[in-house]
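Student: Kindly produce the complete structure, drawing on both the sequences and the hints.
The listed protein sequences derive, respectively, from chains A and B. In terms of the numbering used here, the first sequence has 268 at position 259, counting the first letter as 1, and numbering is strictly consecutive. In terms of the numbering used here, the second sequence has 112 at position 103, counting the first letter as 1, and numbering is strictly consecutive.
It is worth saying that the hints were derived from the structure and are not from the lab. Values in this document were obtained by computation on a predicted structure and should not be read as measured data. Worth double-checking, as some hints may not be accurate.
[Stated by the list, open to error] Below, a list of computed lysine-lysine pairs in the DSS-like style, where the Cα atoms sit at most 25 Å apart: (1) B:LYS264 - B:LYS181; (2) A:LYS11 - A:LYS146; (3) B:LYS116 - B:LYS146; (4) B:LYS147 - A:LYS264; (5) B:LYS146 - A:LYS264; (6) B:LYS116 - B:LYS147; (7) A:LYS138 - B:LYS116; (8) A:LYS116 - B:LYS138; (9) A:LYS138 - B:LYS138; (10) B:LYS181 - B:LYS11; (11) B:LYS74 - B:LYS11; (12) A:LYS147 - B:LYS264; (13) A:LYS146 - B:LYS11; (14) A:LYS116 - A:LYS42.
There are 2 protein chains.
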Amino acid sequence: MKIVLRAPYLIFVGDQEDYTYVKTGLGIAHWRKELVAGQLRLADNAVGLGVPDMSLDEAVAAGVKSLVIGVAPVGGGIADNWWQVIIGAAERGMDVVSGLHFRLGDKPELLAAARASGAQLIDIRVPPKGIPVGNGKKRSGKRVLMVGTDCAVGKKYTALSLHAALLEAGAKATFRATGQTGIMIAGEGLPIDAVVSDFVSGAAEILSPDNDPDHWDVIEGQGSVFHPGYAAVSLGLLHGSQPDAIVLCHDAPRKFASGWEHYALPGIDECIELNLTLGRRTNPDIRCAGISVNTSALHGNERTDYLAKLAAETGFPCVDPVIDGCAAIVRNLLASPD
Amino acid sequence: MKIVLRAPYLIFVGDQEDYTYVKTGLGIAHWRKELVAGQLRLADNAVGLGVPDMSLDEAVAAGVKSLVIGVAPVGGGIADNWWQVIIGAAERGMDVVSGLHFRLGDKPELLAAARASGAQLIDIRVPPKGIPVGNGKKRSGKRVLMVGTDCAVGKKYTALSLHAALLEAGAKATFRATGQTGIMIAGEGLPIDAVVSDFVSGAAEILSPDNDPDHWDVIEGQGSVFHPGYAAVSLGLLHGSQPDAIVLCHDAPRKFASGWEHYALPGIDECIELNLTLGRRTNPDIRCAGISVNTSALHGNERTDYLAKLAAETGFPCVDPVIDGCAAIVRNLLASPD
Numbered sequence: 010m011k012i013v014l015r016a017p018y019l020i021f022v023g024d025q026e027d028y029t030y031v032k033t034g035l036g037i038a039h040w041r042k043e044l045v046a047g048q049l050r051l052a053d054n055a056v057g058l059g060v061p062d063m064s065l066d067e068a069v070a071a072g073v074k075s076l077v078i079g080v081a082p083v084g085g086g087i088a089d090n091w092w093q094v095i096i097g098a099a100e101r102g103m104d105v106v107s108g109l110h111f112r113l114g115d116k117p118e119l120l121a122a123a124r125a126s127g128a129q130l131i132d133i134r135v136p137p138k139g140i141p142v143g144n145g146k147k148r149s150g151k152r153v154l155m156v157g158t159d160c161a162v163g164k165k166y167t168a169l170s171l172h173a174a175l176l177e178a179g180a181k182a183t184f185r186a187t188g189q190t191g192i193m194i195a196g197e198g199l200p201i202d203a204v205v206s207d208f209v210s211g212a213a214e215i216l217s218p219d220n221d222p223d224h225w226d227v228i229e230g231q232g233s234v235f236h237p238g239y240a241a242v243s244l245g246l247l248h249g250s251q252p253d254a255i256v257l258c259h260d261a262p263r264k265f266a267s268g269w270e271h272y273a274l275p276g277i278d279e280c281i282e283l284n285l286t287l288g289r290r291t292n293p294d295i296r297c298a299g300i301s302v303n304t305s306a307l308h309g310n311e312r313t314d315y316l317a318k319l320a321a322e323t324g325f326p327c328v329d330p331v332i333d334g335c336a337a338i339v340r341n342l343l344a345s346p347d
Numbered sequence: 010m011k012i013v014l015r016a017p018y019l020i021f022v023g024d025q026e027d028y029t030y031v032k033t034g035l036g037i038a039h040w041r042k043e044l045v046a047g048q049l050r051l052a053d054n055a056v057g058l059g060v061p062d063m064s065l066d067e068a069v070a071a072g073v074k075s076l077v078i079g080v081a082p083v084g085g086g087i088a089d090n091w092w093q094v095i096i097g098a099a100e101r102g103m104d105v106v107s108g109l110h111f112r113l114g115d116k117p118e119l120l121a122a123a124r125a126s127g128a129q130l131i132d133i134r135v136p137p138k139g140i141p142v143g144n145g146k147k148r149s150g151k152r153v154l155m156v157g158t159d160c161a162v163g164k165k166y167t168a169l170s171l172h173a174a175l176l177e178a179g180a181k182a183t184f185r186a187t188g189q190t191g192i193m194i195a196g197e198g199l200p201i202d203a204v205v206s207d208f209v210s211g212a213a214e215i216l217s218p219d220n221d222p223d224h225w226d227v228i229e230g231q232g233s234v235f236h237p238g239y240a241a242v243s244l245g246l247l248h249g250s251q252p253d254a255i256v257l258c259h260d261a262p263r264k265f266a267s268g269w270e271h272y273a274l275p276g277i278d279e280c281i282e283l284n285l286t287l288g289r290r291t292n293p294d295i296r297c298a299g300i301s302v303n304t305s306a307l308h309g310n311e312r313t314d315y316l317a318k319l320a321a322e323t324g325f326p327c328v329d330p331v332i333d334g335c336a337a338i339v340r341n342l343l344a345s346p347d
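Tutor: See below:
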């Protein structure tokens, strides 16, 4: 019942020159380069992902299974030359993977091409059917969930970095994606915020199923239990994930909820405490394993001072995963009593 | 963006003799008799709602605007003689209102009849389109939300009883329905648990819009923030409702979550406390106004002893709304400092 993508990928970049709009493509190439056969660009000065340029026919020859749209269209509409590539991929039997608001199946020529070749059209924003209500039953294996003081504080990056650090430390671990970019990077997952509210914790349960006792699922978080718009998603994900540990994610200078500036962010202590209180309902042994901070707005000693002060105040390992990695959090996680 | 029904109603009871399956019809006739023109029964010994029996043609003559399906089919399928009535109503221009799992528009003959006459087919389980993300902005007017230790502890009944008691006390008040039976009773509302999780608090916001400063929205609750399956719905509803007050609903003998018996229910104090902690995020002035208990399993003095002990322990007015009504809670609610 999860979305599952077929690798290797050809990543479509279009003619986009601005990195901001290509973050999905860049994320996949950064975290899962082994799954990426190449990129397809419509202009020489479009953003490059550090992988070979390929035409559709070259991709077929290289055994590519999916065209992944790694770029967001600017202004809503999709240009004709984009459609030519997308339809051409489906004609050649490649699955097409999209996180666009537009549903792929709503383009008749694309639908016809996919039907003729047997290619799948995969809209990452659309949850699969058949997601059950959460049953709350204990599952085997270990889980660590990213939680946040707000949206867009680095939960996905932290989860990917923590996953890499767990593998580095010799642990068994799987990154579990809950958002569209995460799903494209992981090659599978569930878009948790698009799930009907009755089934959110059930979706989180099937996302991290039974596993080996010493295996860690590293679960991408969403929103914040303090968020006036998205807390329902965050609580369903927390309950269904039954995490043994949480990692609190925060953006150092942020004082107010981004886009909801009439809401002050909670204190880091307060945020950890509420997540533990709520999480205890489905896993009484939940604990905090560390704090991940985006310190990119801090300069020089400010950064190390900030993290050292936070670590002293809270007693948890505090890192900026982009600079420090997550080895300190992994040491704490694996030092768990059991 | 809310579901809105057109009264007066003809309530369809089919040939059902078991009251359990007619609770929607019975609920509407009990709480909103003034909206019910009559009932349509297919057998003389079918459950009676205490309103006149009517044929479809008599309903047309009486100015009926909607056929409301007030009975749940047993075993899933809908019998042919039911379809004859439902299609007959649509042919005569009556809206058809259903809380069935089956979508009305999936029956081609019914869809054709509705298109020909201009009747609406209203599936109460399907949320309207266009529900926004919650913005968390303060709205004018007062709100009281039912919260619970579990599902099915009398939140809807308590809300309806509290609404009646507020009107009785001369207050301005509106019952706000969040579940399908509640929507059929209120004639409008939003099926909050069917809303995509990103939009749950937004749905709660549009359900109880700005109002007069002394007007009370009495909001039907859903689930429990302690429920391992449904807490996401409960938290989104709590945040979006921005309640000035909550009423905690409980079923006296229940010790474990119904259907989730591996989960013990929280203590009443603990449940009030967590709801207030979470609710403070969107309304810092939230308080508990009282406790509503289903005491039907208690006998003789047990009932009054239970409520007296609970009131002494918590300091809140404690009632069984079926027996005591909600006047005691209304007194506390209206005694609010502002």
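Student: Determine for every hint whether it applies to the structure shown.
Tutor: Against the structure, the hints come out as follows:
no. : hint                : in the structure
1   : B:LYS264 - B:LYS181 : 36 Å, violated
2   : A:LYS11 - A:LYS146  : 19 Å, holds
3   : B:LYS116 - B:LYS146 : 42 Å, violated
4   : B:LYS147 - A:LYS264 : 20 Å, holds
5   : B:LYS146 - A:LYS264 : 18 Å, holds
6   : B:LYS116 - B:LYS147 : 43 Å, violated
7   : A:LYS138 - B:LYS116 : 22 Å, holds
8   : A:LYS116 - B:LYS138 : 21 Å, holds
9   : A:LYS138 - B:LYS138 : 19 Å, holds
10  : B:LYS181 - B:LYS11  : 21 Å, holds
11  : B:LYS74 - B:LYS11   : 18 Å, holds
12  : A:LYS147 - B:LYS264 : 20 Å, holds
13  : A:LYS146 - B:LYS11  : 35 Å, violated
14  : A:LYS116 - A:LYS42  : 30 Å, violated
Checked against the numbered hints above, the structure violates hints 1, 3, 6, 13, 14; every other hint is satisfied.
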